[in-house]
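For reference, the chains in residue letters:
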Amino acid sequence: MEKRVTFKGWLLPICLLLPQVIVTAVFFFYPAGQAVWQSLFIPDPFGLKSQFVGLGNFEFLLGDPYYRAAFTTTAVFSILVTVASLGMALFLAVLADRLIKGSGVYRTLLIWPYAVAPAVAGVLWLFMFNTRVGVVSWYLGILGYDWNHVLNEAEAMGLVVAASSWGRVSYNFLFFLAGLQAIPKSVIEAAAIDGARFWTRFRTIVFPLLSPTTFFLLVVNIVYAFFETFGVIHTITSGGPQQATTILVYKVFADGFVGQDLGSSAAQSVILLVVVGLLTVIQFKFIERRVHY
Amino acid sequence: MATVKLSNLKKSFGKTDVIHGVDIDISDGEFIVIVGPSGCGKSTLLRMVAGLETVTSGEVQINGAGVNEMEPMDRNIAMVFQNYALYPHMKVFDNMAYGLKIAKTPKAEIAERVQSAAKLLQLEEYLMRKPRELSGGQRQRVAMGRAIVRKPDVFLFDEPLSNLDAKLRVQMRLEIKQLQRSLGVTSLYVTHDQVEAMTLADRMIVMNGGIADQIGAPLEVYANPQTEFVAGFIGSPATNFLPAALVSGAPAGTTVGVRPEHATLTTPDHGLVEGQVSYSEALGSETLVHLRLSSDAAFTVRQNGMEPAPEEGHACGVLWNSSDQMHFGADGRRIATP
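Order-wise, the sequence lines are chains E and V.
Sequential numbering of the first sequence, starting at 1, is according to full-length UniProt numbering.
Sequential numbering of the second sequence, starting at 1, is according to full-length UniProt numbering.
Read the hints as simulated data drawn from the structure, not as lab findings.
Honestly, I wouldn't trust all of these hints.
The calculated label-pair distances, taken between Cβ atoms and stated as ranges, are [unchecked claim]:
(1) Glu175/V / Ala182/E: 30 to 40 Å
(2) Thr16/V / Gly144/E: 23 to 33 Å
(3) Arg98/E / Asp23/V: 25 to 35 Å
(4) Glu109/V / Phe227/E: 33 to 43 Å
(5) Phe286/E / Ala111/V: 29 to 39 Å
(6) Thr16/V / Gly141/E: 50 to 60 Å
(7) Lys285/E / Arg181/V: 26 to 36 Å
A quick note: this is a predicted structure, and the numbers were derived from the prediction, not measured.
Here a beta-carbon is modelled for each residue, glycine too, at the ideal position from N, C-alpha and C.
Taking the hints into account, I'd like the entire structure generated from these sequences.
Next comes the structure, spelled out in structure tokens:
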């Protein structure tokens with residue numbers, strides 16, 4: 001039975017709710033409303049006054065080849081980040097789950113990268129792959145590979161994907177490990193007696209039973225790739241070379257705060273909000289139904 | 001159809017020895033129940049036969065061939081787990097067909113075998129349901145069905161009834177017994193419930209702290225327990241134990257065992273021991289009279305429920321036939337009554 005708490009009067013419940021409501025209003029509703037409002041204007045070059053243009057900003061954006069390119073970049077980037085971080089995390093979690101001795105040590109070590117802020121992670125990777133002083137690019141040079149993510153678009157994309165996925169692996173690993181440990185051991189043993197070897201068991205029993213976890217992580221990671229990777233991209237490539245790593249959220253920043261086109265930037269935020277909203281709805285509508293058993 | 005042989009089977013986890021050498025020769029179609037209190041190693045023993053635990057020393061043989069190094073899947077066994085271990089994301093049909101699909105059995109044959117097992121277990125209506133849509137007893141049947149369809153050499157049961165309620169347990173117990181009879185598959189069954197052990201077993205292994213205290217037919221074990229532990233564990237209510245000093249004529253230094261059903265109440269000063277009634281439990285068909293003996297030891301007498309039970313605080317004597325009196329040495333082993 002659900003236990004309901006009943007309050008006498010209104011004052012206490014309102015006081016209890018107020019902090020959360022204020023935080024949400026100040027940091028989410030107000031800026032979101034501002035973005036929607038601003039997206040309807042074009043400010044003059046000095047930012048002194050702005051002119052109402054209706055949906056002009058959106059019209060311009062949808063016809064802008066650079067903006068459409070940013071869409072493709074974002075799709076490629078977020079798919080790569082999600083697949084890489086989920087795949088790696090699942091692989092590590094399966095290995096850690098089989099450990100009996102020392103699993104605590106592995107777990108602790110694998111969780112550490114999550115504590116590193118995206119911008120710091122970006123700088124770490126940048127140092128390793130720096131074209132002049134980077135240790136990894138130096139070794140790659142010895143092997144005869146000329147690493148230069150400043151000029152090579154594919155290498156730049158690879159580097160930001162690696163740096164963004166790295167910290168994420170820890171987070172996903174935790175959830176996957178918990179998911180794996182929640183599968184009753186006897187179910188795995190029953191499958192082993194039924195003749196399923198490791199890979200068959202993973203494919204037919206473990207992975208399907210993990211699917212609620214995987215689905216949850218899919219949603220969370222896509223949202224992460226869309227928004228929170230800003231710091232990594234800003235520190236490593238600043239969206240370059242030639243906008244090869246300019247994802248939508250980076251373009252919001254670049255156009256708004258570097259290019260000073262606040263109207264277009266606001267319109268981009270609104271589009272981004274709608275895209276992520278749609279993605280989440282699609283995921284819940286079509287994938288969630290299949291993952292719960 | 002298969003024979004199973006365990007030779008001096010031992011198991012240690014690190015430095016802890018949990019099974020100290022078990023020997024048994026199981027003939028084809030025999031129903032063996034491994035019974036004991038929790039922590040006695042009975043499940044570990046079963047899991048060694050299944051191949052889910054490695055064997056520290058000794059040997060498991062199925063059909064005369066050593067299987068110590070074989071994977072569970074290569075031993076041609078089927079196991080029913082305490083929590084059923086059904087695959088929660090698969091329908092009942094797929095749960096039962098899983099092993100056959102992996103063995104690449106033709107589809108038509110899979111369907112036929114699952115159907116006939118479902119018919120046997122009255123599961124036909126539920127084949128398209130998921131395990132969570134079934135009751136405990138039905139899940140139990142699915143777990144058995146999954147074992148049956150593979151036509152294994154040996155059935156292994158790991159406390160399969162302990163998650164069911166009392167009434168269902170009695171019913172499923174009967175069904176398991178009938179099923180095993182009709183299929184004639186050699187079975188090993190682990191339980192902590194002595195009633196299950198008594199009713200199901202052709203022979204039972206009574207385990208105590210990793211040692212097989214006694215192996216034998218249920219009635220033989222009941223009538224002739226070889227150790228103090230077996231005498232106390234098999235039979236309900238448990239056997240009364242008294243120091244030899246309290247019972248005249250008992251060999252010095254031994255423990256005397258008397259089953260509650262072999263003792264009768266008599267008038268004070270006419271019994272072999274004397275005591276006061278502390279309380280009685282009337283169960284209908286029988287009444288358990290609990291006594292506090294003059295030596296402060298506890299003693300239980302089982303009498304017919306229709307006989308009048310003595311009141312609390314009533315003084316009385318207790319009598320039994322000397323042929324029903326058992327003697328156990330300091331090591332717990334039975335000493336032949338002189």
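Here is how each hint holds up against the structure:
1. Glu175/V / Ala182/E: 30 to 40 Å: For Glu175/V and Ala182/E the Cβ distance comes to about 32 Å; the hint holds.
2. Thr16/V / Gly144/E: 23 to 33 Å: violated (56 Å)
3. Arg98/E / Asp23/V: 25 to 35 Å: holds (34 Å)
4. Glu109/V / Phe227/E: 33 to 43 Å: This hint is violated: roughly 54 Å between Cβ atoms.
5. Phe286/E / Ala111/V: 29 to 39 Å: Hint holds: Cβ distance 31 Å, inside 29 to 39 Å.
6. Thr16/V / Gly141/E: 50 to 60 Å: holds (56 Å)
7. Lys285/E / Arg181/V: 26 to 36 Å: Given range 26 to 36 Å: violated, Cβ gap about 53 Å.
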